[in-house]
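Asker: Protein chains in written order, with the working numbering: chain A, 1 to 285; chain B, 286 to 570; chain C, 571 to 937; chain D, 938 to 1304.
No lab work stands behind these hints, which were simulated from the structure alone.
The beta carbon of each residue, even a glycine, is placed where N, CA and C say it ideally should be.
Hints are supplied without guarantee of correctness; some may be wrong.
Distance condition first, Cα-Cα at most 30 Å in a straight line; then the derived BS3-like pairs of lysine-lysine [as the list claims (entries may be wrong)]:
1. D:Lys1174 / A:Lys255
2. C:Lys701 / C:Lys731
3. D:Lys1174 / A:Lys281
4. B:Lys430 / C:Lys902
5. A:Lys43 / C:Lys731
6. D:Lys1202 / A:Lys242
7. C:Lys591 / B:Lys540
8. A:Lys10 / C:Lys701
Covered by chain B, according to a simulated footprint, are these stretches of chain C (three or more residues, beta-carbon under 8 Å) [unchecked claim]:
9. 767–777
10. 807–821
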Amino acid sequence: MSILVNQNTKVIIQGITGHQGTFHAKAMLDFGTKVVGGVTPGKGGSEVHGVPVFDGVRESVEETGANASMVLVPAPFAMDACFEALDAGIELLVLITERIPFHDAMRIMSYAKSKDAHVIGPNTPGIISPGLCKIGIMPSHIFKKGNVGILSRSGTLTYEIVSWITESGLGQSTCMGIGGDPIIGITFIDGMELMEEDDDTEAVVLVGEIGGTAEEDAAEYVPSMKKKVYAYIAGQTAPAEKRMGHAGAIISRGKGTAESKIKAFDKVGVPVASLPSDIPKLITG
Amino acid sequence: MSILVNQNTKVIIQGITGHQGTFHAKAMLDFGTKVVGGVTPGKGGSEVHGVPVFDGVRESVEETGANASMVLVPAPFAMDACFEALDAGIELLVLITERIPFHDAMRIMSYAKSKDAHVIGPNTPGIISPGLCKIGIMPSHIFKKGNVGILSRSGTLTYEIVSWITESGLGQSTCMGIGGDPIIGITFIDGMELMEEDDDTEAVVLVGEIGGTAEEDAAEYVPSMKKKVYAYIAGQTAPAEKRMGHAGAIISRGKGTAESKIKAFDKVGVPVASLPSDIPKLITG
Amino acid sequence: MKLFEFKAKELLSKYGMPVPKGVVASTANIVKDFPYPAAIKAQVLAGGRGKAGGIKFANSFDEAKGAFDQIIGMNIKGYEVKQVLVEEKLDIAKELYLSFTIDRRVGTTLLMASTEGGVDIESVPDEKIFKAHMSPLIGLQPFIIRNLTKALELTKEEGKKLGQIVRVLYNAYEKEDAELAEINPLVLTEEGNFVAGDAKITLDDNALYRHPEYKDMDRNLDPLEIEAKKKGIAFVKLDGDIGVIANGAGLTMATLDVLNAKGGKGGVFLDLGGTDDPQRVKEAFYLMEMAKPSVILLNIFGGITKCDTVALGVKEALEEKKMDIPVVARIKGLHEKEAKEILKDAGMIPANTISEAAEEVVRVRGA
Amino acid sequence: MKLFEFKAKELLSKYGMPVPKGVVASTANIVKDFPYPAAIKAQVLAGGRGKAGGIKFANSFDEAKGAFDQIIGMNIKGYEVKQVLVEEKLDIAKELYLSFTIDRRVGTTLLMASTEGGVDIESVPDEKIFKAHMSPLIGLQPFIIRNLTKALELTKEEGKKLGQIVRVLYNAYEKEDAELAEINPLVLTEEGNFVAGDAKITLDDNALYRHPEYKDMDRNLDPLEIEAKKKGIAFVKLDGDIGVIANGAGLTMATLDVLNAKGGKGGVFLDLGGTDDPQRVKEAFYLMEMAKPSVILLNIFGGITKCDTVALGVKEALEEKKMDIPVVARIKGLHEKEAKEILKDAGMIPANTISEAAEEVVRVRGA
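Just chain A, with the same shape it has in the complex:
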């Protein structure tokens, strides 16, 4: 098993004909993901790596039975793309797009909730269950089927950690980027709940960073879990009031420090790695 996606997930890519869209359509197809269609207004009728392109999402859903969409359209058009997908009945949105205005993100999340749909992201590398499904832009080759579940606010840092896990001989059940923005869909807690129920996941790794209270909230949830949780926090030496690349990674008004997050994890017995490469060592003990 896996969380949120599996071998039957049928995916469309909104923005498939762009540079990124074409590249990752291929990568996802190579991985084995059921990419059943793409959407680019005005490009309906064409194909990308054999995948049919449609002008609108409803059309693509009607023709292909897609239930998930990866959104790669530029930030100014992302809200519209999400609304279109949600109105067409898409149940899982993987919102790769960065720099979506916060007010747009709030509208997207609220509307998705009203439709009982899930949103991963925005500003996420996506979700991958090795051997089953990848919806995202992660490098497939670093992953290996296994029993470590990973939830992360980051991209490359996750790959760094994943590659250490894979090199150590362990593998991943599902690895999900929850997104580096302040307003996101699925949270650490949502992911932990799903992983707690997932038979394939034995341990959960949280890759957090400064900003917000997502890690503190996650720590509060840990005691209700049977599975072991590990964490890494980036930004321990970041200054206050400076946005560290990610829109969500900012210590503002004294909130969101790495110190507070590590303390919260310590309190509930979650080992916090001091180096990304330490994660597999913590897991194997």
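Dock chains B, C and D against the given chain A, drawing on the hints supplied.
Answerer: The following block gives chains B, C and D in isolation, referenced to the frame of chain A:
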């Protein structure tokens, strides 16, 4: 059992200090409904028939644990009252208010759906399960516990039919007014689904009227039910393009005629009474 | 409330909708200086006026005058033409259909558009109509316009212009609390611009309190219906001669149905609503009297409403106005006995059921 | 992007917010004709300026001049005061707090209000703060204002006026894409009117494309940070002397953390993002050079990004600018081998892990 309400439903009344509010608070208390509070902005701290009045819904929910609300506030303020209730976690709204603008009603229904809450109405007399709970303005004394479920777009016409049912020796499981407006929450079909599952309901009576296609839709649903369905349609001799009192009761652009509704019921074997008083005769055969 | 074409266009124009240059007139002389050729269009709240001869074309003032004389005073589906819209004639390249309505089935707004404009949308095959529902929580979004443009197979340039039209129409529909905002035909001119050839707007009566500017607008209603509306009484004039009063819209309709089934013919539908205030009941009876019915059928189910106070109102109305119209009364429910006494006192004919009352009414009328 | 107080007030005023009469000045002479008494307020993007002596009062131009000279050029939490706001002095009856912010925890807007205005809201006890979340699908609704008015125990008259203020602030917050719109204190004057005593507005950087009017606004950023922003590179100046470049914000932060743990001190945070375009990489290195770090730590994880093209960009940058800053490079992933060759060629010091690289950087710097 019953549908949507039962002996544990805790009800607040929004607009309790008005003339109607005070009157029906008493009637509902006399009936045995758990009226736990009322809301009238500016009247917080007072009491109506021993029921505490609050200034806001959230406060009332926090203090009383209410999960349902009867809304009696005037039409211009109804949307706000509904939003307030929904944001405070109310799960069932009984929207008695008439003449709510259609655009407001659409917003209320969509927002309620986004909160997984139910709305009965607007322009409904409410819902009653004799012996268990009444949220509404119906005359309690005409009802009797029994096994006929009633779903109606009307008020007094329903009472007329209910009194014939009661006089015939039969009784009611739940009687719900779905509302006389074009935009309503719970539909005939929603009610039929619930009644099909309800152990206390043996037969379902639909009291329809001209306008819209609610009866035709209901007829389409009938074959999937095990329980017997009966119907009455008001407005068989109403002219086109004239609103017959209810905002929803209008034959417009050739749609919504009684003829079409009766035909739809005939097709699926639903006996349609020609007089309100015929309903119990049809049920008992 | 339905708006006349010229009112609808006036309203849409405020929101930025391109409409033809036009003048409303009740006498031909007003449009002497109009730049002809022009279309002369009857202003009535009924469909199919074209077929009925309510639209003519004129190349000069003289021709316009002739057309005017033919159209003014015309009767179209029971409505007398009192005003005429003289409008610039458009160079039509295409005629589209565009509308926003409330879809009661889904509980949200439905956008419909078609390349088959200029005819009744009911007659257009379904596959030629683009339909999209819109959640009021997000409103009209760009993707809907995109999909619409594609479905109508418009050029990019046309699509862009149509998008603007769609936004304007939606804006008006929402801001003005309309039940229906329809442009049919939406004309694409030879110059490549969109213009509203016709416009139908129905405003939500329930929301008129938010739009007091329409309060006194000609409703094309019967004078008694206007009077009733002012008093907040549901009153509908019908073809027959028997007045039906009941409490509750459904019950009033049902009473009318039974009456008709028994061979009577309803002339007035009057719903008292939930009131048992004798004063309101009296006002309702005064209205009924003004409609001059041959007989009145009164049907009261007293659930919360007290029958006796209703009866009291009726009695007082009959006495004060010295009404000699026979009244057959069926009254049931709360304080039924007292009510029956009062009605007997007032000389009304009693009945126990709706059927009985209807039969009695037919008998009394025939007598 | 944070706005200066005077800019925030200017913006809010456009939406109808009452603000004190005021003039922004960088020299005292500009405010010769101001109707004193006045408040003289340092314009800096830092909190706590009152305590730091950045706010003074003046009864005359002479006094104002004195205050001016004291405040201008002052350093408040690292920010130099370059402008001063001279503002009419308010007759304060009450000081309230009012703000809208994005609550990332809930994913919706949070309204906060308190009667304890004029102090940092963090220091106000929770039970003295009214909080309400608002779904963006329905926005600010009357019931929220009603509950707010009640919670603040205002009179009906005051509540009505406050309602207007709340609506104006929400409107500005939403329309301008703000992350934060805060009025603290919201002054209730002796005459019974509300006036924004101070205003803090943070606009969402992601939404600035919708508000081009703020494009060139003084950001109080380091010149290099401004340069980087223009190029779309995430670049943050830090206290130390070592430049850290990595790809991805999380990885760059992690690299910085490891470096600091090993005794180094980061002077620049530079996130290359997902690019492997040598031209972009070169631009980033030019920026880094301008920051004059003692050593550079390059950390690339090539997942999708190809390590060799990144390496190529680095090499070209070093060569073209004839940079003699030592670079310790840890590079891993796609085309790792080729990349290592290129880096070796360019004279960079190789490392296998982040820890190793950090240790090497500290060693090189010390040498």
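Asker: Against the earlier hints, flag every one the structure doesn't satisfy and list their numbers going up.
Answerer: Those not satisfied are hints 3, 7.
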